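Kindly produce the complete structure, drawing on both the sequences and the hints.
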Amino acid sequence: MARAVVPHSQPAPIGIPVRELLPWAVFTGVLALFLLYFVGAEQGATSLISGNHVHEFVHDGRHLLGFPCH
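Sequence positions in the sequence shown follow UniProt numbering and run 1 to 70.
Hint data in this document are derived by calculation from the structure and do not stem from the laboratory. Check before you lean on any hint, since a few could be wrong.
Pairwise CB distance ranges, derived in the manner of DEER restraints [said to hold, decoys possible]:
1) Ile14 x Gly40: 35 to 41 Å
2) Gln10 x Asp60: 43 to 49 Å
3) Pro68 x Gly15: 41 to 47 Å
4) Ala25 x Leu64: 21 to 27 Å
5) Leu35 x Pro13: 27 to 33 Å
6) Phe57 x Pro13: 38 to 44 Å
Computed from a prediction, not measured in an experiment: that's the story for all the values here. Virtual Cβ for every residue (Gly too), placed ideally from N, Cα, C.
What follows is the structure, given as structure tokens:
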């Protein structure tokens, strides 16, 4: 006996409107800049937090990303 071939339908992709995506993109960009500041520039004259704690916390990440620090 021959089996009947049943076609499989593909689900339609869900579209995400740019209006809903834009706030998340802006939030991600601001968060990335904030983290980049703390990893790359949080020391010396531009320091927002006094002391050396932030620098020591992100020290290995600075070297991994190619930022000079000493």
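Here is how each hint holds up against the structure:
1. Between Ile14 and Gly40 the beta carbon distance is about 37 Å. The supplied range of 35 to 41 Å therefore holds.
2. For Gln10 and Asp60, the hinted distance range of 43 to 49 Å is satisfied, since their beta carbons lie about 46 Å from each other.
3. Remark: the range hint 41 to 47 Å for Pro68 to Gly15 is upheld by a beta-carbon distance near 45 Å.
4. Under the hint 21 to 27 Å, the C-beta atoms of Ala25 and Leu64, about 26 Å apart, fit the expected range.
5. About 31 Å separates the C-beta atoms of Leu35 and Pro13, a value consistent with the hinted range of 27 to 33 Å.
6. For the pair Phe57 and Pro13, the beta carbons lie near 42 Å from each other, so the given range of 38 to 44 Å is met.
The structure agrees with every numbered hint stated previously.
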